[in-house]
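Enquirer: Starting from the known structure of chain A, fit chain B onto it as the hints suggest.
Chains as they are written, first to last, in the UniProt record's numbering: chain A, 1 to 332; chain B, 1 to 332.
Since the hints were made in silico from the structure, they are not lab data. All C-beta atoms in this analysis are idealised placements derived from N, C-alpha and C, irrespective of residue type, glycine included. Be a bit skeptical, because a hint or two may be false.
In silico EDC-like links for lysine to aspartate or glutamate, alpha-carbon gap of 20 Å or less [to be verified]:
no.	chain 1	residue 1	chain 2	residue 2
1	B	K209	B	D198
2	A	K209	A	D229
3	B	K297	B	E189
4	B	K83	B	D106
5	A	K83	A	D106
6	A	K258	B	E226
7	B	K92	B	D115
8	B	K258	A	D106
9	A	K320	A	E309
10	B	K258	A	E309
11	A	K258	B	E253
12	B	K296	B	E309
13	B	K200	B	E226
14	A	K258	B	D229
15	B	K322	B	E181
16	A	K258	A	D229
17	B	K258	A	E226
18	A	K145	A	E214
Computed, partial: chain A to chain B, Cβ under 10 Å [what the hints assert, rightly or not]:
no.	residue
19	G224
20	P254
21	R259
22	L262
23	L264
24	R301
Number of protein chains: 2
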Amino acid sequence: MTQINRQLVLASRPEGAATTDNFRLVETPLAPLAEGQFRVRNHYLSLDPYMRGRMNDSKSYAAPQPLDEVMIGGTVGEVVESKHPKFAAGDKVVAMFGWQEYGTSDGTGVRKVDDTHVPLSAYLGSVGMPGVTAWYGLNRIIAPKAGETVVVSAASGAVGSVVGQLAKLAGARAVGIAGGEDKCRYVVESLGFDACVDYKAGNLYQDLKAATPEGVDGYFENVGGEVLDATLARMNAFGRIALCGMIANYDGEPLPLKRPALLLTQRLLVQGFIVSEHPDVWPEALTQLGTLVAQKKLHYRESIAQGLERAPEAFIGLLKGKNFGKQLVRLI
Amino acid sequence: MTQINRQLVLASRPEGAATTDNFRLVETPLAPLAEGQFRVRNHYLSLDPYMRGRMNDSKSYAAPQPLDEVMIGGTVGEVVESKHPKFAAGDKVVAMFGWQEYGTSDGTGVRKVDDTHVPLSAYLGSVGMPGVTAWYGLNRIIAPKAGETVVVSAASGAVGSVVGQLAKLAGARAVGIAGGEDKCRYVVESLGFDACVDYKAGNLYQDLKAATPEGVDGYFENVGGEVLDATLARMNAFGRIALCGMIANYDGEPLPLKRPALLLTQRLLVQGFIVSEHPDVWPEALTQLGTLVAQKKLHYRESIAQGLERAPEAFIGLLKGKNFGKQLVRLI
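Pulled out of the complex, with its shape left as it was, chain A reads as follows (with noise of 0.2 Å):
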């Protein structure tokens, strides 16, 4: 009999705001394996802001994503075929597999994993390319001397929260903007920030600035919008900005930045990047990540939609930050 691989696929591009309505399942039956080929089952889709970029038909960094093709995104599972030398049945994997209930390899790209002492579904988050960003981002970019600030948005999220602890480890003060008291709470007292202020609390630039009675030297910015302009205010001197993401322009008209000026008269920094452009980072960022996860030094949290079919909302529910940590699907 045979088997059928469930996909999704970008049917429309958004007019504004992403819908469900933008993708499609489709059922396709799986081809048999050609010689130096293996098929894995996979077991988590990775849902992340960036695809939302890949939707449209616009000039960004990468590619569109092509409509009426499987939507582009990383996933972990398990080789279940194989007629390539170098993978066997059992062994666990990294891809980019996408939307989809199983992939087909012929080894490009993927990599296999270790999951005795870290979760498979890290290997998506903190020991994946999230951690690798907020690693990047931190070290490379904002390079926090002990007992500086650091500032990160999005903070209980799957970049935030690596941000955060890092900066703990490296003996910065930690300060999170998250959306709402229970993600707050989470990120001080689980992920041991030094305080984090809600953004939807309607008092932002006041209490962003009682949690940051030094300013702030490093900005690790996830976000944009009113977060930025409100941190931007916050800067001190000769400060770093690590520039992300900008979720909050992800849908819809571009948001200005209020008060440019500020990026002369402090004498800032700000860099934009995409860590998949920062390939020899990656070694050392994912040996250290894994290491701290494993040592149960470095948290996380995961959301988890169950089934394939559910993507679509998760992803939308992303978007809008009703997710808390980590945003997966569980696809077994």
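Expert: Below, chain B alone, put in the same frame as chain A:
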């Protein structure tokens, strides 16, 4: 007979745009020199955009100019009387004596210069603070590779003119932005830029696009506002922006940056800087700039107002772009 020193002091802080009423001319008798002092007859006073920031009583990178004291400013002149072992009558010096005809000093912050091959006034321009500003931003932030495109705003001014000429010497394509046909013609024909866009012509973005067919790799910003928005939209991936001035912001309300998300999508570097905070580069930069001016490989133009009493009007003209080249006041 006691000699009189004419001085301009800050009489009041601007509300909105600066006006000539913010300054007051005073006449002060010169005291006899004490042992270890010398007196300089200032020949030229430098007018620079940074002075506008000092007129405000707001947080900036420098302390505000105190009211009723001589306005800050760079000067060149000649020692006319000395009780100092290292300075003799006839020595030419660069100093920060401010908006006045005479300066008295114990030598702190005063530098002797040689005007045999470099005109004295150039030590306030291409071979002075504006020149080193251009040198630092171009070499230490933009660091253009041969064949890259470098854009500079206020291109006919004291800083911009040096930026573009140094970019050309580094093998880059130099594109200026300036206000008016005359300035643009000068930038191309006399300074040797590859192109110049007249922002007053009303078609800034389209004209800039035509002048930068391969996009922009480095941008030296002196202006801010719509000029920054337009150039940002032309930046290539991994572009560098040296943020030196935002003269469009100096009078009045902050001007927003319309599309900050471009900093991320194009992975741009932005670095605000103040050249006085980088004293390590001054000797190397001044040597190079002095050599280039003496060899007539670095060209410049001056707007000269005659007489101290004309300084306020000339300064306000500078803020509005009425100067053409380095704005000076001749004091003799």
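Enquirer: Give a verdict on every hint.
Expert: Evaluated hints:
no.: 1; hint: K209/B to D198/B; result: holds (12 Å)
no.: 2; hint: K209/A to D229/A; result: holds (13 Å)
no.: 3; hint: K297/B to E189/B; result: holds (14 Å)
no.: 4; hint: K83/B to D106/B; result: holds (9 Å)
no.: 5; hint: K83/A to D106/A; result: holds (9 Å)
no.: 6; hint: K258/A to E226/B; result: holds (13 Å)
no.: 7; hint: K92/B to D115/B; result: holds (8 Å)
no.: 8; hint: K258/B to D106/A; result: violated (45 Å)
no.: 9; hint: K320/A to E309/A; result: holds (19 Å)
no.: 10; hint: K258/B to E309/A; result: violated (38 Å)
no.: 11; hint: K258/A to E253/B; result: holds (10 Å)
no.: 12; hint: K296/B to E309/B; result: violated (33 Å)
no.: 13; hint: K200/B to E226/B; result: holds (11 Å)
no.: 14; hint: K258/A to D229/B; result: holds (13 Å)
no.: 15; hint: K322/B to E181/B; result: holds (13 Å)
no.: 16; hint: K258/A to D229/A; result: holds (6 Å)
no.: 17; hint: K258/B to E226/A; result: holds (13 Å)
no.: 18; hint: K145/A to E214/A; result: holds (14 Å)
no.: 19; hint: G224; result: holds (7 Å)
no.: 20; hint: P254; result: holds (5 Å)
no.: 21; hint: R259; result: holds (5 Å)
no.: 22; hint: L262; result: holds (8 Å)
no.: 23; hint: L264; result: holds (4 Å)
no.: 24; hint: R301; result: violated (25 Å)
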